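Student: Residue numbers (numbering that gives the first Met the number 0), protein chains in the order written: chain A, 0 to 672; chain B, 0 to 672.
No lab work stands behind these hints: they were computed from the structure. Given the structure is predicted, the values throughout are model-derived calculations rather than measurements. C-beta atoms are modelled at their ideal positions from N, C-alpha and C, and glycine is treated no differently. No false leads were slipped in.
Simulated crosslink set (DSBU-like; lysine-lysine; CA at most 30 Å straight-line): (1) Lys537(A) / Lys221(B); (2) Lys486(B) / Lys525(A); (3) Lys537(A) / Lys448(B); (4) Lys207(B) / Lys498(A); (5) Lys45(A) / Lys207(A); (6) Lys582(B) / Lys291(B).
Calculated Cβ distances over 12 Å to all of chain A for the following chain B residues: (7) Thr80; (8) Lys96; (9) Lys144; (10) Leu175; (11) Pro359.
Chain B regions said to be covered by chain A (calculated; three or more residues, Cβ under 8 Å): (12) 334-346; (13) 383-393; (14) 427-440; (15) 504-518; (16) 536-542; (17) 553-562; (18) 641-652.
Protein chains: 2
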Amino acid sequence: MKNFIFFFIVFTTIIWSSNVECSSHLHPLDPITPSEINLVRTIILKAYPPETSKNSTIAFQYVGLDEPQKSTILSWKYSKTKTPPPARRIYVIARFKKQSLEIIVDLSRRSIVGSKVYKGHGYPMLNIQEQVAASVLPFSYGPFKESVKKRGLNISEVVCSDFSVGWFGEKKTKRLLKIKCYYTEGSVNLYMRPLEGVEATVDMDEMKIVDYKDRYVVPMPKAEGTEYRASKLKPPFGPILKDISLMQHAAPAFNLHGNTVSWANWEFHVGFDVRAGPIISLASVYDLEMQKYRQVLYRGFISELFVPYQDPTEDWYYTSYFDSGEFGFGQSASSLEPLTDCPSNAEFLDAFFADANGKPVKIPNAFCIFEKYAGDIMWRHTEVAIPNEVITEVRPDVTLVVRMVSTVGNYDYIIDWEFKPSGSIKVGVGLTGILEIKAGTYTNTEEVKEDIYGTLLADYTIGTYHDHFLTYYLDLDIDGEHNSFVKNTLETARVKDRKIPRKSYWTVVSETAKTEADAKIKLGLKPLELAVVNPNKKTKPGNKIGYGLIPGSVSHPLMLSDDFQQIRAAFTNYNVWVTPYNKSEKWAGGLFVDRSRGDDTIATWTQRNREIENKDIVLWYTMGFHHVPSQEDFPIMPTLTSGFELRPTNFFERNPVLKTKSPEPAHWSNCTK
Amino acid sequence: MKNFIFFFIVFTTIIWSSNVECSSHLHPLDPITPSEINLVRTIILKAYPPETSKNSTIAFQYVGLDEPQKSTILSWKYSKTKTPPPARRIYVIARFKKQSLEIIVDLSRRSIVGSKVYKGHGYPMLNIQEQVAASVLPFSYGPFKESVKKRGLNISEVVCSDFSVGWFGEKKTKRLLKIKCYYTEGSVNLYMRPLEGVEATVDMDEMKIVDYKDRYVVPMPKAEGTEYRASKLKPPFGPILKDISLMQHAAPAFNLHGNTVSWANWEFHVGFDVRAGPIISLASVYDLEMQKYRQVLYRGFISELFVPYQDPTEDWYYTSYFDSGEFGFGQSASSLEPLTDCPSNAEFLDAFFADANGKPVKIPNAFCIFEKYAGDIMWRHTEVAIPNEVITEVRPDVTLVVRMVSTVGNYDYIIDWEFKPSGSIKVGVGLTGILEIKAGTYTNTEEVKEDIYGTLLADYTIGTYHDHFLTYYLDLDIDGEHNSFVKNTLETARVKDRKIPRKSYWTVVSETAKTEADAKIKLGLKPLELAVVNPNKKTKPGNKIGYGLIPGSVSHPLMLSDDFQQIRAAFTNYNVWVTPYNKSEKWAGGLFVDRSRGDDTIATWTQRNREIENKDIVLWYTMGFHHVPSQEDFPIMPTLTSGFELRPTNFFERNPVLKTKSPEPAHWSNCTK
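With the hints as constraints, model all of the structure from the sequences given.
Tutor: Dropping the structure here:
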């Protein structure tokens with residue numbers, strides 16, 4: 000279906016030859032710059048000029064790097080001679096005349112090199128402008144104004160927000176959003192105060208309300224006790240925390256060359272995508288014995304987030320978000336606050352994305368990078384077995400963290416990529432922000448005689464049960480591209496030797512996954528150790544060179560697998576999947592997720608049951624949280640943390656931090672304490 | 000069987016009236032002081048004077064606080080008028096004339112107030128002197144000297160260590176230990192270099208070798224590559240870590256009144272026991288709204304550690320340690336190194352225990368306490384839904400850590416109790432130190448045609464598979480002593496309303512455990528949320544006031560449950576048990592664990608199936624690690640961390656850190672950076 004459009008090439012080259020900046024890129028995976036965004040916009044608006052008739056202005060839904068082939072990147076990266084980076088191509092998804100377009104722009108040629116109309120199910124990521132436009136529609140909609148009036152609310156204190164509607168088996172879908180509204184009088188904590196029962200449905204192509212419901216009136220939860228701004232709270236304050244900082248002699252302790260970070264024994268590239276958020280690429284670890292950097296992670300990012308709510312009633316049943324594919328985890332990044340979001344030794348990076356009009360938007364301080372020392376111990380030992388000698392040898396643990404916070408509506412996700420000198424990559428996720436509340440008629444659980452699908456947190460305030468599933472794309476390249484996936488099962492064995500009075504022990508039964516079917520894993524059922532190994536290389540004692548996956552808290556989806564939203568989120572059915580590398584398989588829930596039907600997820604891709612042994616493979620890992628809200632989550636949630644670790648497992652011949660010296664504690668001279 | 004001996008009372012009162020110090024104790028749970036240890040020794044040696052015949056000197060195996068009744072402690076603690084702390088009583092286990100004695104000494108009366116001979120199975124904790132005495136026996140044992148000579152080793156470079164022997168169904172047992180030996184020529188990393196095949200059995204009552212085996216000779220693993228002291232390693236060093244510190248204006252940020260710590264909204268007592276190590280008592284959290292401290296944890300400590308190795312061959316099958324009950328987790332505490340074991344803002348506490356002769360031994364810097372700031376976020380939110388207003392409100396997370404490191408032979412356990420202003424208590428365990436190695440004939444896995452029960456880490460060096468199970472005693476008193484244990488199961492439900500296109504959702508099914516049988520839980524089988532609640536108090540909206548248990552990595556024992564060592568370690572059969580509080584039920588594997596038969600474990604106590612609803616209850620939680628060694632663990636292990644969290648769950652009416660202000664970052668004036 001590709002409809003290549005070549006005629007722009009010559010024209011655009013002439014026009015923009017003065018502001019070429021493509022070749023100035025340090026790295027082919029660098030995020031798109033504002034000038035590149037502007038260039039893309041100009042090129043696309045030439046091809047799709049606005050028409051005076053309604054709805055015919057092209058709208059940018061996704062503008063991202065069309066990554067070069069992996070082989071191209073690797074040969075650029077590892078070439079002995081300095082070669083210019085491969086050409087920059089930008090992949091655009093746009094809405095135009097009620098259709099979804101996929102457009103590829105070649106920046107060096109300054110032209111569209113491919114475009115097609117997407118004919119499949121689902122719709123592209125929502126841009127921010129259209130969400131805002133939809134959210135203000137109720138204010139000029141008579142029945143809504145009536146609803147506000149009926150509730151005795153001041154309409155100037157009402158704000159509305161948009162919700163994706165999912166798919167429930169409809170044969171034909173439109174591009175719809177639901178709008179729900181909140182009250183801000185007396186508190187900015189709007190999520191605590193919904194206009195429950197009121198719901199507008201917006202046709203996004205027409206940008207108008209096509210359905211409206213005012214089902215019932217319940218009391219508006221009080222503003223009292225919901226405020227979270229220190230400036231608005233009244234004494235007493237507490238608990239009182241005293242001054243504390245991470246202190247370094249020379250911050251930053253890492254080097255930033257463009258977007259490439261080098262620190263201690265690590266080197267990696269930090270990218271940004273409007274949909275995925277942070278992308279870590281080409282992470283390599285320096286092997287002191289081999290005296291070279293060795294590949295670990297070609298590319299890692301959050302591919303999708305699935306957040307299903309568990310209230311099946313008429314006005315809540317559809318509530319399930321795909322925070323990446325529907326709302327854009329990258330465009331939801333919040334500017335990080337120095338000293339609170341990140342410690343005083345942090346450095347910050349901005350991020351840019353294209354808005355609905357194709358214009359660049361800056362997110363200042365979207366990333367922070369900092370060296371972390373939490374008082375932890377990297378390794379230690381005290382030896383007292385040798386007469387007349389006590390040996391104590393200790394190394395403190397210092398790590399490097401790359402952080403982004405993405406605030407998708409009410410929830411704030413703290414996303415950390417932490418690099419450890421021991422070779423581990425720890426991925427941390429913190430959940431904080433504000434619960435989604437359903438207003439009810441109850442003030443005490445004693446009045447509740449039915450399932451309210453949540454916890455009563457305060458008067459009329461129900462914190463709805465829900466889950467968070469985060470699916471990570473982890474293209475590990477363990478010491479090279481050709482890898483295998485190994486399941487080591489710890490199995491109980493019976494002792495056969497009659498002389499031995501012991502009856503049993505456990506041992507390791509190792510299986511290498513041949514095809515995708517062998518690598519679908521629900522964690523927690525058996526004691527398993529999982530690793531991606533390089534079957535073409537062995538350590539000196541003959542072990543497979545690998546990295547293990549150390550899961551954090553394990554959760555499984557609890558909805559039925561044939562339920563519509565779960566079909567769309569079928570990528571959460573297993574905690575682990577392994578696929579052969581395929582450039583087009585990036586988004587676990589599919590490219591067009593809004594109103595998708597589950598026909599483009601890992602679950603469908605892996606039905607082909609492709610071979611994955613000694614191939615370039617991708618590990619997909621889903622971390623999950625079931626969230627039963629508690630009163631401590633009201634009116635704002637203390638961070639709930641989880642994560643996982645990629646840990647070298649027979650990757651090094653020995654402990655890679657054996658020869659690390661303890662850093663000196665930082666202290667200044669001539670200080671007034 | 001208690002054999003009270005009263006006649007000492009008057010006598011001892013006269014003698015020691017001058018050096019009374021008992022009443023000077025700040026807290027009835029304070030650890031035993033050196034003077035108290037001396038006093039106990041004097042009192043006991045009067046009653047059991049040494050005899051000239053062999054083996055009739057009393058040996059102190061355990062000297063610990065005989066805790067006052069909980070009701071006594073609580074009424075002392077919460078009495079409105081200042082009352083003197085209850086009398087100090089010391090509980091002693093000693094070996095005398097090949098018998099185990101239990102003796103209670105009343106320090107204010109300066110007398111023995113109870114003593115009995117223990118007639119049950121098993122033996123007391125090993126003291127350090129007898130372990131040393133056993134470990135040197137081989138050096139005067141001819142056949143051993145022959146074995147060393149046969150291997151061409153220099154006996155002055157051989158050291159030996161002692162191993163508990165367990166129980167394998169023997170009808171009659173003796174107090175035996177096995178001795179294995181290691182080579183230190185060229186490296187202090189002795190555990191890497193066993194004299195494999197050589198094993199002496201020592202009768203501890205006779206203190207002589209009663210059996211000796213030299214089964215086979217395998218190559219001695221090389222010293223090369225096993226050294227871990229920076230001073231002995233050769234360049235290149237790396238990865239290079241730069242100066243970094245936790246910095247505070249005023250350290251410590253906590254108050255230490257005796258052994259009672261108060262910090263932010265927490266108050267708790269830090270104790271020490273020669274067997275258990277650190278004991279946290281009477282932890283209460285200040286409720287800003289109620290303006291009072293509320294009880295959380297009456298007493299928490301590691302009750303037992305079970306470390307079974309998975310090599311079932313003749314010279315390894317018995318290898319399973321009970322690091323608390325056999326070796327004394329407290330007496331194994333290592334002195335913490337400032338700046339490496341703990342950050343620069345840490346304060347240190349010493350610990351004391353009684354040695355074999357009843358004399359006090361000091362462990363300098365056994366504890367450190369420090370405020371921790373790891374760059375984490377306590378809570379945050381960015382709000383963009385309100386027109387013309389961006390709200391960002393963030394609080395950094397600062398916590399307080401109490402740390403002890405216990406080095407039981409080769410392994411170093413980092414034990415952290417971390418208190419969070421949000422009301423959580425996080426318990427962290429780090430495993431580091433040195434693996435236990437079996438020497439084999441292999442240099443490459445290709446030569447291996449059988450199960451070697453471990454990972455080949457280097458030439459002739461097999462890291463044996465093993466587990467670590469740590470069982471925590473958690474006497475939670477959630478806002479009072481009478482508590483219940485609640486299991487909330489997340490269950491899939493079908494949507495019944497035909498109008499709703501969704502098919503399913505999950506909801507919470509809550510069960511309160513009536514008896515001990517209801518509270519035996521293997522985690523991971525079902526999605527569960529566990530909490531200890533106070534059924535007599537409710538929050539304003541009517542929720543049960545509680546604390547949730549958030550498990551870390553979940554592991555189950557893999558040995559058969561009727562295998563002898565597993566019978567002894569039956570307390571690991573479930574991750575969670577709940578018992579009614581019983582002062583005598585402290586040690587999950589029994590009081591006399593060495594060679595125990597499993598007749599005094601949680602598994603046997605709970606067979607009575609006592610009522611636990613609305614009672615003073617104790618939660619027992621077992622954290623487990625299966626350890627398949629990797630080459631990165633050689634020659635010293637990077638720390639592997641796990642833990643669990645006790646998290647307020649409808650304990651507070653709202654987020655208890657809502658009104659916390661961000662601490663200022665610490666900085667000095669007049670500094671030369």
